[in-house]
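Asks: This is what each chain is made of:
Protein chains: 2
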Amino acid sequence: MSFLFTPTPASVPPPNAGLTLSQPKGLPVHFQPLNPLQFILRAAEIYPDKLALLHPDVPYPVSYSFSVWCQRIQNLAYALIKAGIKPGDRVAVIAPNSPLIADAHHGVLAAQAVLCLVNTRLKPSEVAYILEHSGSSIVLVDHEYTHLLPSNLKTPVVVSNDTGRQGDPYEQFLSDGRAFSQERGWNGLEYHADENSPALLCYTSGTTGRPKGVVTTLRGSYLAGVANAYESRIHLESTYLWILPMFHAGGWTFPYANTFAFATQLTLRTVNYPLIWKHFLNSAVTHYCGAPTVQIGIVNDPAARPLTRPISAIIAGAAPTASLIGSLEEKGIQPIHVYGLTETYGPFTRNYAQASWATLSPQERSKLMARQGHSFATAQDVRVVYPPKDDSDTVLVDVPRDGKTVGEIVTRGNIVMKEYFRDPEATAKAFRGGSFNTGDLAVIHTDGAIAVVDRSKDIIISGGENASSLAIEQELASHPDVLEVSVVARNHVKWGERPHAFVILKSHAASGKWRGRVDVFGEELKTYAKSRLPGFACPEWVQVVQELPKTSTGKILKSELRRIVNRETAKL
Amino acid sequence: MSFLFTPTPASVPPPNAGLTLSQPKGLPVHFQPLNPLQFILRAAEIYPDKLALLHPDVPYPVSYSFSVWCQRIQNLAYALIKAGIKPGDRVAVIAPNSPLIADAHHGVLAAQAVLCLVNTRLKPSEVAYILEHSGSSIVLVDHEYTHLLPSNLKTPVVVSNDTGRQGDPYEQFLSDGRAFSQERGWNGLEYHADENSPALLCYTSGTTGRPKGVVTTLRGSYLAGVANAYESRIHLESTYLWILPMFHAGGWTFPYANTFAFATQLTLRTVNYPLIWKHFLNSAVTHYCGAPTVQIGIVNDPAARPLTRPISAIIAGAAPTASLIGSLEEKGIQPIHVYGLTETYGPFTRNYAQASWATLSPQERSKLMARQGHSFATAQDVRVVYPPKDDSDTVLVDVPRDGKTVGEIVTRGNIVMKEYFRDPEATAKAFRGGSFNTGDLAVIHTDGAIAVVDRSKDIIISGGENASSLAIEQELASHPDVLEVSVVARNHVKWGERPHAFVILKSHAASGKWRGRVDVFGEELKTYAKSRLPGFACPEWVQVVQELPKTSTGKILKSELRRIVNRETAKL
Numbered sequence: 001m002s003f004l005f006t007p008t009p010a011s012v013p014p015p016n017a018g019l020t021l022s023q024p025k026g027l028p029v030h031f032q033p034l035n036p037l038q039f040i041l042r043a044a045e046i047y048p049d050k051l052a053l054l055h056p057d058v059p060y061p062v063s064y065s066f067s068v069w070c071q072r073i074q075n076l077a078y079a080l081i082k083a084g085i086k087p088g089d090r091v092a093v094i095a096p097n098s099p100l101i102a103d104a105h106h107g108v109l110a111a112q113a114v115l116c117l118v119n120t121r122l123k124p125s126e127v128a129y130i131l132e133h134s135g136s137s138i139v140l141v142d143h144e145y146t147h148l149l150p151s152n153l154k155t156p157v158v159v160s161n162d163t164g165r166q167g168d169p170y171e172q173f174l175s176d177g178r179a180f181s182q183e184r185g186w187n188g189l190e191y192h193a194d195e196n197s198p199a200l201l202c203y204t205s206g207t208t209g210r211p212k213g214v215v216t217t218l219r220g221s222y223l224a225g226v227a228n229a230y231e232s233r234i235h236l237e238s239t240y241l242w243i244l245p246m247f248h249a250g251g252w253t254f255p256y257a258n259t260f261a262f263a264t265q266l267t268l269r270t271v272n273y274p275l276i277w278k279h280f281l282n283s284a285v286t287h288y289c290g291a292p293t294v295q296i297g298i299v300n301d302p303a304a305r306p307l308t309r310p311i312s313a314i315i316a317g318a319a320p321t322a323s324l325i326g327s328l329e330e331k332g333i334q335p336i337h338v339y340g341l342t343e344t345y346g347p348f349t350r351n352y353a354q355a356s357w358a359t360l361s362p363q364e365r366s367k368l369m370a371r372q373g374h375s376f377a378t379a380q381d382v383r384v385v386y387p388p389k390d391d392s393d394t395v396l397v398d399v400p401r402d403g404k405t406v407g408e409i410v411t412r413g414n415i416v417m418k419e420y421f422r423d424p425e426a427t428a429k430a431f432r433g434g435s436f437n438t439g440d441l442a443v444i445h446t447d448g449a450i451a452v453v454d455r456s457k458d459i460i461i462s463g464g465e466n467a468s469s470l471a472i473e474q475e476l477a478s479h480p481d482v483l484e485v486s487v488v489a490r491n492h493v494k495w496g497e498r499p500h501a502f503v504i505l506k507s508h509a510a511s512g513k514w515r516g517r518v519d520v521f522g523e524e525l526k527t528y529a530k531s532r533l534p535g536f537a538c539p540e541w542v543q544v545v546q547e548l549p550k551t552s553t554g555k556i557l558k559s560e561l562r563r564i565v566n567r568e569t570a571k572l
Numbered sequence: 001m002s003f004l005f006t007p008t009p010a011s012v013p014p015p016n017a018g019l020t021l022s023q024p025k026g027l028p029v030h031f032q033p034l035n036p037l038q039f040i041l042r043a044a045e046i047y048p049d050k051l052a053l054l055h056p057d058v059p060y061p062v063s064y065s066f067s068v069w070c071q072r073i074q075n076l077a078y079a080l081i082k083a084g085i086k087p088g089d090r091v092a093v094i095a096p097n098s099p100l101i102a103d104a105h106h107g108v109l110a111a112q113a114v115l116c117l118v119n120t121r122l123k124p125s126e127v128a129y130i131l132e133h134s135g136s137s138i139v140l141v142d143h144e145y146t147h148l149l150p151s152n153l154k155t156p157v158v159v160s161n162d163t164g165r166q167g168d169p170y171e172q173f174l175s176d177g178r179a180f181s182q183e184r185g186w187n188g189l190e191y192h193a194d195e196n197s198p199a200l201l202c203y204t205s206g207t208t209g210r211p212k213g214v215v216t217t218l219r220g221s222y223l224a225g226v227a228n229a230y231e232s233r234i235h236l237e238s239t240y241l242w243i244l245p246m247f248h249a250g251g252w253t254f255p256y257a258n259t260f261a262f263a264t265q266l267t268l269r270t271v272n273y274p275l276i277w278k279h280f281l282n283s284a285v286t287h288y289c290g291a292p293t294v295q296i297g298i299v300n301d302p303a304a305r306p307l308t309r310p311i312s313a314i315i316a317g318a319a320p321t322a323s324l325i326g327s328l329e330e331k332g333i334q335p336i337h338v339y340g341l342t343e344t345y346g347p348f349t350r351n352y353a354q355a356s357w358a359t360l361s362p363q364e365r366s367k368l369m370a371r372q373g374h375s376f377a378t379a380q381d382v383r384v385v386y387p388p389k390d391d392s393d394t395v396l397v398d399v400p401r402d403g404k405t406v407g408e409i410v411t412r413g414n415i416v417m418k419e420y421f422r423d424p425e426a427t428a429k430a431f432r433g434g435s436f437n438t439g440d441l442a443v444i445h446t447d448g449a450i451a452v453v454d455r456s457k458d459i460i461i462s463g464g465e466n467a468s469s470l471a472i473e474q475e476l477a478s479h480p481d482v483l484e485v486s487v488v489a490r491n492h493v494k495w496g497e498r499p500h501a502f503v504i505l506k507s508h509a510a511s512g513k514w515r516g517r518v519d520v521f522g523e524e525l526k527t528y529a530k531s532r533l534p535g536f537a538c539p540e541w542v543q544v545v546q547e548l549p550k551t552s553t554g555k556i557l558k559s560e561l562r563r564i565v566n567r568e569t570a571k572l
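Listed in order, the protein sequences are those of chains A and B.
Those letters in the first sequence? Residues 1 to 572, per UniProt numbering, in order.
Those letters in the second sequence? Residues 1 to 572, per UniProt numbering, in order.
Hints are not guaranteed to be accurate.
In silico DSSO-like cross-links for lysine-lysine, where the CA-CA straight-line distance does not exceed 27 Å [stated by the list, open to error]:
{"id": "1", "chain 1": "B", "residue 1": "Lys555", "chain 2": "A", "residue 2": "Lys25"}
{"id": "2", "chain 1": "A", "residue 1": "Lys530", "chain 2": "A", "residue 2": "Lys123"}
{"id": "3", "chain 1": "B", "residue 1": "Lys513", "chain 2": "B", "residue 2": "Lys457"}
{"id": "4", "chain 1": "A", "residue 1": "Lys367", "chain 2": "A", "residue 2": "Lys494"}
{"id": "5", "chain 1": "B", "residue 1": "Lys457", "chain 2": "B", "residue 2": "Lys550"}
{"id": "6", "chain 1": "A", "residue 1": "Lys526", "chain 2": "A", "residue 2": "Lys555"}
{"id": "7", "chain 1": "A", "residue 1": "Lys50", "chain 2": "B", "residue 2": "Lys506"}
{"id": "8", "chain 1": "B", "residue 1": "Lys526", "chain 2": "B", "residue 2": "Lys494"}
{"id": "9", "chain 1": "B", "residue 1": "Lys389", "chain 2": "A", "residue 2": "Lys25"}
{"id": "10", "chain 1": "B", "residue 1": "Lys506", "chain 2": "B", "residue 2": "Lys331"}
{"id": "11", "chain 1": "A", "residue 1": "Lys526", "chain 2": "A", "residue 2": "Lys494"}
{"id": "12", "chain 1": "A", "residue 1": "Lys154", "chain 2": "A", "residue 2": "Lys367"}
{"id": "13", "chain 1": "A", "residue 1": "Lys123", "chain 2": "A", "residue 2": "Lys82"}
{"id": "14", "chain 1": "B", "residue 1": "Lys25", "chain 2": "A", "residue 2": "Lys389"}
{"id": "15", "chain 1": "B", "residue 1": "Lys555", "chain 2": "B", "residue 2": "Lys526"}
{"id": "16", "chain 1": "B", "residue 1": "Lys50", "chain 2": "A", "residue 2": "Lys404"}
{"id": "17", "chain 1": "A", "residue 1": "Lys555", "chain 2": "A", "residue 2": "Lys367"}
{"id": "18", "chain 1": "A", "residue 1": "Lys50", "chain 2": "B", "residue 2": "Lys404"}
{"id": "19", "chain 1": "A", "residue 1": "Lys123", "chain 2": "A", "residue 2": "Lys367"}
{"id": "20", "chain 1": "A", "residue 1": "Lys367", "chain 2": "B", "residue 2": "Lys404"}
{"id": "21", "chain 1": "A", "residue 1": "Lys526", "chain 2": "A", "residue 2": "Lys513"}
{"id": "22", "chain 1": "A", "residue 1": "Lys429", "chain 2": "B", "residue 2": "Lys25"}
{"id": "23", "chain 1": "B", "residue 1": "Lys457", "chain 2": "B", "residue 2": "Lys331"}
{"id": "24", "chain 1": "A", "residue 1": "Lys123", "chain 2": "A", "residue 2": "Lys550"}
If you are wondering where the hints come from, they were derived from the structure by calculation, not from laboratory data.
Modelling step: build the complete structure from the supplied sequences, incorporating the hints.
Replies: Shown next as structure tokens:
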């Protein structure tokens, strides 16, 4: 990876630049507030010349060493302060994976402000709501997404053309910040005295109702970042490829895991499979994160081939199917299956492999690997509890560890959000019984591993039985011609509800044997299901589609699928 | 490693044992006090059947899975509570590396008490002082060290015969604890509400004056443990060999690093080089810690040979010489050079290798590797400051980063002790200027790496020049016949002081070419020094000895060497 690039003059640190913020007064000698900003400062101190950030596949590629990147982060902090940002103010960022959003994860904290991340896939009306609700005092926006801004927006806006060159308004903003600093350096900024202060504000992509603003803390971000570096074994020699959008739950704290580890980060603006493979094969990539739908795209891309060096794939968002795990391993991609939500900084459980699994068949092993597992390195207890009897029920009672009784996953501790921003009612509801109630249904096995059964609203009540849409999908995905599958409840006169399966075929199967014969495929898949699932869980309908509707964060929109099938039902 | 062993009935957990302590009331959902006790509980939850602790080379070898070990730890907590131990009380432990002291690192915290570790190499009078000063309410003592106990001791004593079998008084103590618990399990114990509470109390082996009691916290122990696991890359598949005594600065928090990592720990009662090599070669050892003197013993043992799997050696206590680094690497032992004190939980700096070092000669690279380096993963700033002008001088001024100006190393943050126990005066003195003043003299290089020059009292003022005894030792150690060397100041009529070198020869050299000719060797070493050191730093005297006087923690007693040489001088 080589290209000619010189950072702007304002990005170059002065000789003998200090890397310490001015300390809050009166701290005990043995106590320093936890703050993930420490990681980038320490990286710049120990490995100033190491490649920190590479943004290659754009008209104006850039690369920054830790030392230069750290100076740019400092400039951003001063620029925000110059713009009137005070401690606790919200700074909105609307950007794909790029230096802007990478800078902001650190620079906004350095100004003691709160980073409000906006999903670039939202509609303008949703963006307007978030900017309004968060009370953001300034917006940093990538040039491709300025159309998302409300026309009547009154807060200042800084546009990045993603060039890293002089003449770019974002670069001007940083240069002005440097000038404003009067070379006071890091020591002219103050270290946050309270580790429980807000760090990020990430809005959940609620499929119903208004999005809710998840507030994380400095302490939680520090501990989650360290845990992700440890669990994924990210180190000095690692290169992390940004496929997961950084705006998605703050990139699961990997912006901090990578600086903690002194790893190199490589940013991609879009999920582009040939480009991903180019970097897998040529850029010494060692780690990336992605939901199963992205992983499916990766292993099925024509460029996919066995790697000569292993890559670790951190998978979350849904359980990987046996078929996906097999495909990843064939390529030399080692799956790390984690589970979490925006409210838990990303991962708060992980599937921990057991030595005894080594002797199992790939199919059996994959089933065990698909479980969500146990509490993550710095997470606290993970429990599965009976659903509340009524609105006033605040007692959490654990379901038995029988692998059968379905309950709701709850957790608490340092990597649980502080609150929903300006929404005490939603916070109180989510924190029922002194734990965060995830809304995910699961069983807990005898070994203490949890296995998500479904989102509570995705359960299919078929002939009085509870059928897990996820369990049905797991089985259907093992059919050799299925690329991706989603199952929802469809109204049924006799059984109440019955499963309806939406299937994307693998390209060879779609253009080959099932071409013009998708009805026959549907019957075959139903027969396949009957050999593997109880009758009430077998799909009554199979529909082959070209694509599936997804949320802005890449999750399949089951609410939309339900609308489609039940509209059809209503017509019958 | 296989032998017949069945844990006592009281060590076997009941079916469906819970692994959660009862939570303090009123904690926010997003906050859990940091406590390294969490690590063993999580290990027992996720890997109950994995080998946790192995104690093989004793008349009654034992091995415990995480599940069984965790039950024993719970039993210990209940046994202490039954014995009247209240939160904050001190529990003294006098034991070599063995299950007793490993249990105590967790069980004492589970009783919310403070673990007071007593060095087994102390004299009875020193032990009496520590038991008295710490106000320990109970003493757990290994059978080999009961003679260290004062005859008039009034506190209860529990003796371990290190058998792990019924009939052993320590096992009876644990069984009684189990009975006392009435099977309330972990939930019958309370989780500590304050993470800044004391965890360990470790007395420094002061060469002058009374030992001082270093108080660590739960928060610091958690963060230092995580940092050590991350920095040394200890994981599920690792086996840690206990060569460093666990009583030495709480084993540098490796008791917690290992449980955090789910690693297997192997305890050795004594530093026995043939035994160490037996385990290096046969027990899948991956990590160990040790001071350079121990490392010298390891690489020079007749059993030493190149390893087929690499082992990481964490080295602290003094800088490894180029010669030692070379010998370790030849065997396949990868040195990780860290620096710290009891007051900093062990490591708070580390020598971080730079890519550019790969092209240097082994000699040049070793010199860079001998520097103490930069701040550790969860440590805060490390500074080198001018010594105080007088007793009232509390302003810390950094020395320039020139690799020349000698100052004192100071640090602060989460892995600095809370205080010296019951010694506000010594605490205030050590915390001059709001940082912990280490008493170690160092320079700081242009790249921010610190390099220890000497303990302030070990500097040799030779003809008005400051000669670092460490720097002289580094050079003399590179002589092929030198096994170990220590240099101290000796009074000199003309120059004030001059270096006096004590040397242990390698066995082949001692029995071979220098047999009966140590005077000739002395002259050769002086000539060797002259080619490498400035005149004022060359040893005026070379004395070949069989062994060097060491402190109870294995550090060379320079005060004793100074006494020897200056007594001789006085006689002249």
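Asks: Now tell me if each hint is right for this structure.
Replies: Cross-check of the supplied hints:
no.	hint	verdict
1	B:Lys555 with A:Lys25	violated (37 Å)
2	A:Lys530 with A:Lys123	violated (41 Å)
3	B:Lys513 with B:Lys457	violated (36 Å)
4	A:Lys367 with A:Lys494	violated (32 Å)
5	B:Lys457 with B:Lys550	holds (17 Å)
6	A:Lys526 with A:Lys555	holds (25 Å)
7	A:Lys50 with B:Lys506	violated (42 Å)
8	B:Lys526 with B:Lys494	holds (19 Å)
9	B:Lys389 with A:Lys25	holds (24 Å)
10	B:Lys506 with B:Lys331	holds (18 Å)
11	A:Lys526 with A:Lys494	holds (19 Å)
12	A:Lys154 with A:Lys367	violated (52 Å)
13	A:Lys123 with A:Lys82	violated (31 Å)
14	B:Lys25 with A:Lys389	holds (24 Å)
15	B:Lys555 with B:Lys526	holds (25 Å)
16	B:Lys50 with A:Lys404	holds (26 Å)
17	A:Lys555 with A:Lys367	holds (21 Å)
18	A:Lys50 with B:Lys404	holds (26 Å)
19	A:Lys123 with A:Lys367	violated (38 Å)
20	A:Lys367 with B:Lys404	violated (61 Å)
21	A:Lys526 with A:Lys513	holds (17 Å)
22	A:Lys429 with B:Lys25	holds (19 Å)
23	B:Lys457 with B:Lys331	violated (35 Å)
24	A:Lys123 with A:Lys550	holds (14 Å)
Taken one by one, the earlier hints fail for this structure at numbers 1, 2, 3, 4, 7, 12, 13, 19, 20, 23, listed in ascending order.
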